[in-house]
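*Asks:* Sequence:
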Amino acid sequence: MRSKHVREILDSKPFFELNKEEIEKIQSHMEVCEDCLLAFKASKLSELLLGYKKDQIVQP
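In this text, residue positions in the sequence shown follow the working numbering: the first is 1, and each later residue adds one.
Among the clues, some could well be false.
Think about it this way: if two alpha-carbon atoms lie no more than 30 Å apart in a straight line, the pair counts; the simulated DSS-like pairs of lysine-lysine are [what the hints assert, rightly or not]:
#1 Lys41 / Lys13
#2 Lys41 / Lys4
#3 Lys13 / Lys44
#4 Lys20 / Lys41
Everything labelled a hint here was simulated from the structure, so no lab data went into it. Here the structure is a predicted model, which is why all the values come from computation and not from measurement.
Model the full structure from these sequences, guided by the hints.
*Replies:* Below, the structure written as structure tokens:
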């Protein structure tokens with residue numbers, strides 16, 4: 001998977017919906033591609049922040 005980046009997988013669905021094969025592809029590719037490693041970290045952080053915000057109750 002050296003020539004194909006994993007951003008398409010990262011952008012396609014939330015992490016909890018990734019299957020084992022997709023996770024293995026992502027992990028393997030991140031070992032050789034710093035751009036995808038950074039994209040993975042950004043995606044993970046975004047998902048954590050969005051999850052945190054959705055649990056907050058906003059008072060009118």
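*Asks:* Next step is simple, just say for each hint if it's right about the structure.
*Replies:* Hint by hint, here is what the structure shows:
1. Lys41 / Lys13: Cα-Cα ~15 Å, so holds.
2. Lys41 / Lys4: holds (18 Å)
3. Lys13 / Lys44: Holds, at roughly 12 Å.
4. Lys20 / Lys41: holds (18 Å)
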